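Each chain, written out:
Number of protein chains: 2
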Amino acid sequence: MNQQQQQIERFCRRLGYQFLDPQLITKALTHRSASNHHNERLEFLGDAVLGMVIARALFTQFPKVDEGQLSRMRSSLVKGKTLAVIAKEIDLGDYINLGEGELKSGGFRRASILADAFEAVIGAVYLDAGFEKTNTLILELYGQRLTEINPADTQKDAKTRLQELLQSRRLSLPEYELLDVSGEPHDQTFEVACCITEKAIQTKGSGSSRRNAEQLAAEKALTELQQLLAS
Amino acid sequence: MNQQQQQIERFCRRLGYQFLDPQLITKALTHRSASNHHNERLEFLGDAVLGMVIARALFTQFPKVDEGQLSRMRSSLVKGKTLAVIAKEIDLGDYINLGEGELKSGGFRRASILADAFEAVIGAVYLDAGFEKTNTLILELYGQRLTEINPADTQKDAKTRLQELLQSRRLSLPEYELLDVSGEPHDQTFEVACCITEKAIQTKGSGSSRRNAEQLAAEKALTELQQLLAS
Chain A
-14 MNQQQQQIER
-4 FCRRLGYQFL
6 DPQLITKALT
16 HRSASNHHNE
26 RLEFLGDAVL
36 GMVIARALFT
46 QFPKVDEGQL
56 SRMRSSLVKG
66 KTLAVIAKEI
76 DLGDYINLGE
86 GELKSGGFRR
96 ASILADAFEA
106 VIGAVYLDAG
116 FEKTNTLILE
126 LYGQRLTEIN
136 PADTQKDAKT
146 RLQELLQSRR
156 LSLPEYELLD
166 VSGEPHDQTF
176 EVACCITEKA
186 IQTKGSGSSR
196 RNAEQLAAEK
206 ALTELQQLLA
216 S
Chain H
-14 MNQQQQQIER
-4 FCRRLGYQFL
6 DPQLITKALT
16 HRSASNHHNE
26 RLEFLGDAVL
36 GMVIARALFT
46 QFPKVDEGQL
56 SRMRSSLVKG
66 KTLAVIAKEI
76 DLGDYINLGE
86 GELKSGGFRR
96 ASILADAFEA
106 VIGAVYLDAG
116 FEKTNTLILE
126 LYGQRLTEIN
136 PADTQKDAKT
146 RLQELLQSRR
156 LSLPEYELLD
166 VSGEPHDQTF
176 EVACCITEKA
186 IQTKGSGSSR
196 RNAEQLAAEK
206 ALTELQQLLA
216 S
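Chains as they are written, first to last, in our numbering: chain A, -14 to 216; chain H, -14 to 216.
Hints are computed from structural coordinates only; laboratory data are not their basis.
The reader is advised that the hints may include incorrect statements.
Derived pair list, reagent style SDA-like, types lysine to any residue, alpha-carbon separation capped at 20 Å [as the list claims (entries may be wrong)]: (1) Lys189(H) <-> Glu169(A); (2) Lys64(A) <-> Gln54(A); (3) Lys189(A) <-> Gln173(H); (4) Lys144(H) <-> Ile134(A); (5) Lys49(H) <-> Ser20(A); (6) Lys144(A) <-> Pro170(H); (7) Lys141(A) <-> Leu88(A); (8) Lys144(A) <-> Arg41(H); (9) Lys205(A) <-> Leu150(A); (10) Lys49(H) <-> Ser194(A); (11) Lys66(H) <-> Gln129(H); (12) Lys89(A) <-> Lys189(A); (13) Lys144(H) <-> Pro170(A); (14) Lys66(A) <-> Ile134(A); (15) Lys118(H) <-> Arg41(A); (16) Lys205(A) <-> Asp142(A); (17) Lys118(A) <-> Phe116(H); (18) Lys118(H) <-> Lys64(A); (19) Lys118(A) <-> Arg41(H); (20) Lys144(H) <-> Glu209(H).
Keep in mind it's a predicted model, so treat the numbers as computed, not measured.
Please put together the full structure from these sequences, using the hints given.
Dropping the structure here:
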């Protein structure tokens, strides 16, 4: 057994799954910087499998929770940041095959590379073992993250919450206005105002996109409105 | 058998699947305007199942196509417009249970209601029959749309194509600049310029979002650049 095979053996023990076809896991661990036989197609497949496994688990676990809440919980469980954390738990970064450049710049620690490789590993397990075994493995890897997730932790975004609060009090919807765009074309800053005329609330937010600026302005307006309504 | 049961019988024949648990299909066909026992949770589940079935089918059917292209093909196959077309082919609109208001305003013809109900039906079949049978049914319903899809038909967006063409000719990347934002806060128009300095190309685009405006400007710049390079 050569060194690469030994490495892969070790990773499979760490992952908790032995491949019938070792070429699949070799490919899943190969970043595009290292070879043309890289993991991106497996990542595409793994992303879809993961999305379905998490959707089914949440659907079963929360029989009373509505679709919007389920969607938000799913997003928080399959986003890159979460996948990178799980990837680190199984030391995935130690086993990714990277090109010279990525190695030198510490690519094995980059969240996006870890998350993508994790999805590719899921895709490889799925091709090797089918849906049910992949499902079991994913649930094991997620562990408490899935069993202890709380619907209330995944909030709607600030603009939505502000709109809902206003509607529940029969107040008019807020108006967002773009006040200013500054900076170089590739690095602009947007400044936005959020106005709730009936309550004389006007807040401002700025960010690298109009959307981010609006969310910040909405967050501040929501705080002011809640204080006003509570007083 | 009452009238509603007869209706559902008819729809199941049209769909090509007989439910073991008829309550599932009843729920899948119930819009939130008609009852609290509506189809939105099933829609959440069906969306994930559909996404995975189409991802797996494309992955197998196109062994040489890269991840980006697979993603774009999948998007075009699972977008609301496509789902609404398939829903119409099985006359889904005739069987959706809508509230008074939606009925009067012709909700059974609305693409979003049809697409959502179609996903809910997929979710119901999945709960009733499991993955493999749902997979078979989805592939039947998609038919030629899936077997005859051409990777070249789903193009990358204009900004990406422009960037790739410039890179392949070792030219600098374009600069996008926001020229103007006009209109009321809820109905703004963005005007954007796209500049390729080395080739003295400058085009403009306008749209309801900055992104749309940039895509239009990029599309025009791409046309000018192609003409210039071909001449």
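Hints, one by one, checked against the model:
no.	hint	result
1	Lys189(H) <-> Glu169(A)	holds, 18 Å
2	Lys64(A) <-> Gln54(A)	holds, 15 Å
3	Lys189(A) <-> Gln173(H)	holds, 18 Å
4	Lys144(H) <-> Ile134(A)	violated, 39 Å
5	Lys49(H) <-> Ser20(A)	holds, 15 Å
6	Lys144(A) <-> Pro170(H)	holds, 15 Å
7	Lys141(A) <-> Leu88(A)	violated, 38 Å
8	Lys144(A) <-> Arg41(H)	violated, 36 Å
9	Lys205(A) <-> Leu150(A)	holds, 14 Å
10	Lys49(H) <-> Ser194(A)	violated, 36 Å
11	Lys66(H) <-> Gln129(H)	holds, 16 Å
12	Lys89(A) <-> Lys189(A)	violated, 42 Å
13	Lys144(H) <-> Pro170(A)	holds, 15 Å
14	Lys66(A) <-> Ile134(A)	holds, 16 Å
15	Lys118(H) <-> Arg41(A)	holds, 16 Å
16	Lys205(A) <-> Asp142(A)	holds, 12 Å
17	Lys118(A) <-> Phe116(H)	holds, 13 Å
18	Lys118(H) <-> Lys64(A)	violated, 29 Å
19	Lys118(A) <-> Arg41(H)	holds, 16 Å
20	Lys144(H) <-> Glu209(H)	holds, 14 Å
Hints 4, 7, 8, 10, 12, 18 from the earlier list are contradicted by this structure; the remaining hints agree with it.
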